[in-house]
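Engineer: Protein chains in written order, with the UniProt record's numbering: chain Z, 1 to 463; chain D, 1 to 463; chain X, 1 to 463; chain S, 1 to 463.
Hint data in this document are derived by calculation from the structure and do not stem from the laboratory. Everything numeric in this text was worked out from a predicted model, so none of it was measured. Where hints are given, some of them may not hold.
Put simply, identical chains are the same to the list, so a pair is met inside one copy or across any two.
[What the hints assert, rightly or not] Calculated pairs, BS3-like style, for lysine-lysine (alpha carbon to alpha carbon, straight line, at most 27 angstroms):
(1) Lys341 / Lys459
(2) Lys155 / Lys441
(3) Lys309 / Lys77
(4) Lys77 / Lys334
(5) Lys141 / Lys168
(6) Lys168 / Lys196
(7) Lys357 / Lys334
(8) Lys141 / Lys341
(9) Lys326 / Lys386
(10) Lys213 / Lys196
(11) Lys334 / Lys213
(12) Lys168 / Lys441
(13) Lys309 / Lys334
(14) Lys451 / Lys341
There are 4 protein chains.
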Amino acid sequence: MSQTFLDRTIDNLRFAWRELRDSSVVRSLGLDESQNRQDRWRRQIADCLARRGGAVSARSRAAALGHDFLRLDDGGKREFLHLLVNEFGVDRDRVGAIMADWNMADDLAEQALLETELRSELVPPFRTILKEFNSLPQGVKFLVDLRADLLRWRKEAPGLAILERDLKELLASWFDIGFLELQRITWNSPAALLEKLIAYEAVHAIQSWDDLKRRLAPDRRCFAFFHPGMPDEPLIFVEVALVSGIAGSVDALIQSDESDQDDDEAVVADTAIFYSISNAQAGLAGISFGDFLIKRVVGELQRDLPELKQFSTLSPIPALRGWMDKQLDAMTQKHETGLPKAIEAALHDCDDLMGPKPVARQPNEVSERTRANIEYLAAWYLLNAKRIETGSAFDPVAHFHLTNGSRIERLNWNGNGNSNGWMQSFGVMVNYLYDLSMIEKNHENYVGQGKIAASSVVKRLLR
Amino acid sequence: MSQTFLDRTIDNLRFAWRELRDSSVVRSLGLDESQNRQDRWRRQIADCLARRGGAVSARSRAAALGHDFLRLDDGGKREFLHLLVNEFGVDRDRVGAIMADWNMADDLAEQALLETELRSELVPPFRTILKEFNSLPQGVKFLVDLRADLLRWRKEAPGLAILERDLKELLASWFDIGFLELQRITWNSPAALLEKLIAYEAVHAIQSWDDLKRRLAPDRRCFAFFHPGMPDEPLIFVEVALVSGIAGSVDALIQSDESDQDDDEAVVADTAIFYSISNAQAGLAGISFGDFLIKRVVGELQRDLPELKQFSTLSPIPALRGWMDKQLDAMTQKHETGLPKAIEAALHDCDDLMGPKPVARQPNEVSERTRANIEYLAAWYLLNAKRIETGSAFDPVAHFHLTNGSRIERLNWNGNGNSNGWMQSFGVMVNYLYDLSMIEKNHENYVGQGKIAASSVVKRLLR
Amino acid sequence: MSQTFLDRTIDNLRFAWRELRDSSVVRSLGLDESQNRQDRWRRQIADCLARRGGAVSARSRAAALGHDFLRLDDGGKREFLHLLVNEFGVDRDRVGAIMADWNMADDLAEQALLETELRSELVPPFRTILKEFNSLPQGVKFLVDLRADLLRWRKEAPGLAILERDLKELLASWFDIGFLELQRITWNSPAALLEKLIAYEAVHAIQSWDDLKRRLAPDRRCFAFFHPGMPDEPLIFVEVALVSGIAGSVDALIQSDESDQDDDEAVVADTAIFYSISNAQAGLAGISFGDFLIKRVVGELQRDLPELKQFSTLSPIPALRGWMDKQLDAMTQKHETGLPKAIEAALHDCDDLMGPKPVARQPNEVSERTRANIEYLAAWYLLNAKRIETGSAFDPVAHFHLTNGSRIERLNWNGNGNSNGWMQSFGVMVNYLYDLSMIEKNHENYVGQGKIAASSVVKRLLR
Amino acid sequence: MSQTFLDRTIDNLRFAWRELRDSSVVRSLGLDESQNRQDRWRRQIADCLARRGGAVSARSRAAALGHDFLRLDDGGKREFLHLLVNEFGVDRDRVGAIMADWNMADDLAEQALLETELRSELVPPFRTILKEFNSLPQGVKFLVDLRADLLRWRKEAPGLAILERDLKELLASWFDIGFLELQRITWNSPAALLEKLIAYEAVHAIQSWDDLKRRLAPDRRCFAFFHPGMPDEPLIFVEVALVSGIAGSVDALIQSDESDQDDDEAVVADTAIFYSISNAQAGLAGISFGDFLIKRVVGELQRDLPELKQFSTLSPIPALRGWMDKQLDAMTQKHETGLPKAIEAALHDCDDLMGPKPVARQPNEVSERTRANIEYLAAWYLLNAKRIETGSAFDPVAHFHLTNGSRIERLNWNGNGNSNGWMQSFGVMVNYLYDLSMIEKNHENYVGQGKIAASSVVKRLLR
């Protein structure tokens, strides 16, 4: 420990105090009660960090601490995390000293050495504690769920945001794509796992075990990534339908029509439709697997079913209607939208769909003209609407698939007939086509120059 | 990229050039030939780092680069690694700028943010390349073996030492003890795995498949740690004999006497003797598993064989004779040894064992008096000889087991009758006893105060 | 082939014809159409039996024949089976000849030889065909299901009854208890397997996946026997609840009260209640596994949960009310029942429960006096009512558990509150206790002398 | 039990006594000692058969009896088996009675019923005991090994031969080909299994673990059949080399020339050479799997390695030299051999190879003329030499492969250079080609008409 340890501790405590004072958690507690357990935690954490009793004992202590943590309510958890991040952070005196040496070093090699030292000094002691929670029976899952909590809490206090970022760094290192295992999920998979699909499906909710069984029928495929540290938990999974020609209606794919369930169906399929991709772990937000998943699954399918010729998604357009609303608002308030006249006109025509008393509530109530307008707007939106800050596609699903190198292939009127589909995009869905020979080029054009690849059919909608 | 990119690149190239110029590798190559492939590597690495074609493509590129690397000879590999570390290091302008901001920040929270940023900036781009080699079919093993190479090469050039340290950081994060799996190894394990035990056994060489089979007999146990990223490779393994009372002779344990091989043997055993612990991966040097392995195995054995009452090693004393040599040299040259008179006298008496024409070459040729002297010296050495720099036990095996919290239990004359045992310690072996109730206390006493735990039997040898 | 082959064939055909003529199947078919495919079958079967093209080809032919058979409707299947059993039966000339030799043999050894020969001659060629269906992908399951069909059809024609008995002999040999594997079924078992539990549960229907999950909770156990030839199909399974003290109400066990689902429940349990045993394969009727299952499961539970002290069933009394009805009828018609006066009186009192307008429809509508009468009758019935032909207990469930060596432990008023329970036994259930130290003695007493073991509590009900 | 039980028992005892009296086993025992244990066995067997204590208990009793049996020496085992077969055989009174009924039955259906009854009565009680030994931990292996013993002992006493035949019937039913599992064996298989390959290899002995590893190299394949009842024991296994063109020398295949071990070898291979097929279980003699194994392996290889175009054996000609010896003897004694003149002449020329002082001891010492003679004789022998009794090929290996539908493809001079090869066939080996499109036809021609298929190359040798 450096000699300025006392100063640093005082600083830390002051910082911690400020956070705590403002925290609603603490205000609701009698401070005295809380003081006792905080003192206990301090001792326990310090013991772990000092490796009292050796490395194995330190791990056991960390596990014991983790068990205690799990028994806390949300308030207690936040209190513990505040204490951890505020009192067991980086040693700033050491950091400052290394920086000074680095600045005075006249040799690149010496600098390199100091950089390694500095990097290590910048890893806060609290990360050691987090890392050792990995020894809990479900340790990795514990940390993933902890980050999910921190993502909800990080606005509350800067300390929790720091903790969240640090944990993300740790998880990103552990969840390197090289460690993930692709597994096919079938009706022969453990019920405890299938139950999680039902819970985690984020795009088209699974209604029942019968619905799930239909999605695992012989003409379907389901794949997920798993990590060896939490082998019972899917990280992300994709549902695929094997069909003839590109499918445009998700209702047709999901409805459990027994008549097309027979085994021969798969044989004549020439197209794989990726109709649902769901992230299963909130705590892994920002650590991306979707791109790898799609391409690994395409590879698996090509090997097993060489008769497949096309790989396409059937995707929602989640932000279309929100974007339309915003543009209409701007037009109402006479702001400059920067949109072409024809688009403004089409938007205007759709106005009566979106008020409190819309003229239609589902695709088949819409007039032919309105339908044409919506398709026109959807095509323009997908091909031209961008986020100002980043220049990327406005629609988040479009951005994901375009980054992956797919192209916009087809719009599907009444692709999703349920109320959620209507609320997002008047039921319009879109196919993104994954043509392996074009993926790199599409990606480069999109990422480098913002060019969005689309089929001639879609482009024609704009003429 | 920062605007000072050019300057930095020039700096980097200058540094690289200095290293390369001095390197015997390059001198032996025509520089022109080598220039071409270096340019190709530069482009390939830059493409990977720029994520050209997207994340999935970047991984594929890294894998291709890894394949190329594997086909290089040692000279080519070093050339590639030099280039990688020298030209794709940390961006020092960015680092300097963040440091400046940090020093001027007047808010602890702002500093915390800058620390995260700095830490991330200090991770050199070359680590990204290393990490992506993980996507090679045997990627983790590739990196472990690469570090083994770097450990041999790091003296050659500072750059390779930096790379080695960086790779160690990466591997230490991946090989967190929480991810390791303990597996029992039996005669039913795959031959391809057992073959590795034969290759990796470092303490008592396995002579043949019959010898190996004997070590996996019903009265034996063998356990190893495995990592999910390289499931066919043991990381470290331990061999255990189940016997009655503490065993003193490794010859008795290893000799394949068929007569004591019957199944009933295990039933009456009350003691587990850990007679060999071998690290199997040179590339994981410094990332420690041995402590965890011993304690996990003790736990497994206790659960499966509740009749076991004692857990002890049977260990060599590898540095005893080297230490004696050194002390005798010092005495010959009339230097101050700091040793007690009695020890100096005993050493003097052993002198004629160690010259070019020793009076004895194996334990049973030794006089009763010499034997007493050696046991006396061995006991003193284990209990008192320390490394000056660190204050830890002079003997490396003693240091390992004492750090783990064991105590010195018994010395065994003629414990190891082969020539290697004679060269290390005149055939004397030692038992370290793992008494679970004392482990933490022993560890703390040893690590904190340098106190070495020993049984009264061993202590009596010094009276 | 023997020279009297022609005669035999004519006999066979005559026999076959008689059966066919009477069979409703054939009458509904135009005979000509059916003739063609019968000729084809004859040729195919003969080819298989002659091993045309070698053993491997013969198996393939049999498999092809099996595939054809699977595509037939029930009428077609029966037609095929008639043909098979009638035209490919035992060679009676050979049988007669061996019998003659046997009768004239004057040497026991010679007789022994002839017996082996005769036994082999008595295995009809059609069994070879059945056996070779085992090479179909799900061959064993195919044969098990075929026997299930034959059990339904055997009354139709003597030939099908012969086939059924023959198939039973084959299956009994294959399903030797030594080949069966006991597996624990949990919520981690494949959904495709769990789905079968839902379908096959014969005692207390499983209402939903939630109901199933409850039955696989930590305080429950479920075990099944499997055969390696049909690894996805349970043969028989048992559901067990771990509770404190003997449970009397199945409703309490099955209802999904979340509050008692926590993990600690299992810890304090001292009693295992076997509350449901279901045979899953109709085609294995008469090949008994239940006895082995119960005792293997008791063994497993004792090993895993040494705190368990009692093993008991909670069982229905399925034939109680039917028996009461019969006795009342006899009394009404003034027949001699042979029952004690007190029983006749109690029956008489229960009369108004069983008419078309019963005074009560569930346990809690019943008067105290009626309840006492029912319990009295149930106890008497279990301890005394016997099948005249066999002397075994009248109640089939009682017979099963008494043969297994259990004793009648306790009667439970309102043990099963649903309408099925009421229809069987006015909701009364019974515990059969498996006391391992008494099992052999109880079995011998019951099987040898018809003595039924019962607790003093149950016996007291009769005083 | 029938009323004539006493008579039958007397008969049985008389029969038993005769066998026992003649048996060397019993003569060497004091009869009194042996009497005691025989009485104990009688009681134990009778208890099992009577199912005392129920079916589960009976199984346990049988298992206990089996354990006792395993501890007996060979004499004791035979004594037990004599007693079992002689005293617990078929009830001949019952058999005789059913036969009488059968002969008087005037109805085919009634006869059919009696046949089932008779068949069941002809299954001796001792088989029940054998079958229940299946409940021993390694029960199936126990019975297989018991039959191996009985095959050695059956000449001793008619009873043991009866037992052997009965056990064969039981094992043949259990080892139905439909239950066998084909597994590929690799260097990753358990050492305990690989050790068995070394022990069981019957054609070309495996010299060492290195030799074995070579036979499991990437350009090799090894497959075995397993039965679920003895999963650790191969039943039969085949070793295959993947090469370019048909291989003629087994030495070239087996020698561990490291230079051709690289992975690319397998890629260019167009031919699979089956160079060794070994039955691993003596106790399954006469229950044939070889035909199925070869064809299943051909199927596996075609699927995995579509570039394979030919499937051929490289086989010894084990009985060639013995046949030549016999013919030469006959010629010496002026008997009629029935051989063509040219063959007699060639035989005569080979005479000096076969005397006590042969002119050559290995292929390369032989003159060109002698070589031509041997090849001529080998070709004639393979194509024409038949067993008089059966009409099948004289050479047993030829008979096996010809029955399987292969053809004689090529003779290979110096195919097997070791002394064993010389003793069998002067080192000549032969390829049998498995051409899937010809297998059925070849089989039918061989089995039906004794026609042996051969390539034109081989036929030309006879011109």
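Engineer: Hint by hint, note whether the structure agrees.
Structural biologist: Against the structure, the hints come out as follows:
Within a single copy, Lys341 and Lys459 get their C-alpha atoms as close as 18 angstroms, which meets the 27 angstroms cut-off; across copies the closest is 91 angstroms, which misses it. Taking the shortest Cα distances, Lys155 and Lys441 never come within 27 angstroms of each other, neither inside one copy (39 angstroms) nor across copies (44 angstroms). In the homo-oligomer, the alpha carbons of Lys309 and Lys77 never lie at most 27 angstroms apart, since the shortest distance is 52 angstroms inside one protomer and 41 angstroms across protomers. Proximity of Lys77 to Lys334 under the C-alpha cut-off of 27 angstroms is found in neither arrangement, the shortest distances being 49 angstroms within a copy and 66 angstroms between copies.
Taking identical chains as interchangeable, the C-alpha atoms of Lys141 and Lys168 lie at most 27 angstroms apart whether they share a chain (13 angstroms) or sit on different chains (25 angstroms). Proximity of Lys168 to Lys196 under the C-alpha cut-off of 27 angstroms is restricted to the intra-copy arrangement: shortest distance 23 angstroms within a copy versus 37 angstroms between copies. Within a single copy, Lys357 and Lys334 get their C-alpha atoms as close as 23 angstroms, which meets the 27 angstroms cut-off; across copies the closest is 81 angstroms, which misses it. Taking the shortest Cα distances, Lys141 and Lys341 never come within 27 angstroms of each other, neither inside one copy (52 angstroms) nor across copies (61 angstroms).
In this assembly of identical chains, Lys326 and Lys386 lie within 27 angstroms of each other by CA distance solely inside one copy; the values are 13 angstroms within and 76 angstroms between copies. In the homo-oligomer, the alpha carbons of Lys213 and Lys196 lie at most 27 angstroms apart both inside one protomer (14 angstroms) and across protomers (14 angstroms), since each shortest distance falls under that limit. Taking the shortest Cα distances, Lys334 and Lys213 never come within 27 angstroms of each other, neither inside one copy (52 angstroms) nor across copies (59 angstroms). Neither within a single protomer nor between protomers do Lys168 and Lys441 lie at most 27 angstroms apart by alpha-carbon distance, with minima of 31 angstroms and 36 angstroms respectively.
Taking the shortest alpha-carbon separations for Lys309 and Lys334, neither the intra-copy value of 49 angstroms nor the inter-copy value of 78 angstroms comes in at or below 27 angstroms. Taking the shortest alpha-carbon separations for Lys451 and Lys341, only the intra-copy value of 22 angstroms comes in at or below 27 angstroms, while the best inter-copy value is 86 angstroms.
Violated hints, in rising order: 2, 3, 4, 8, 11, 12, 13; the structure is consistent with all others.
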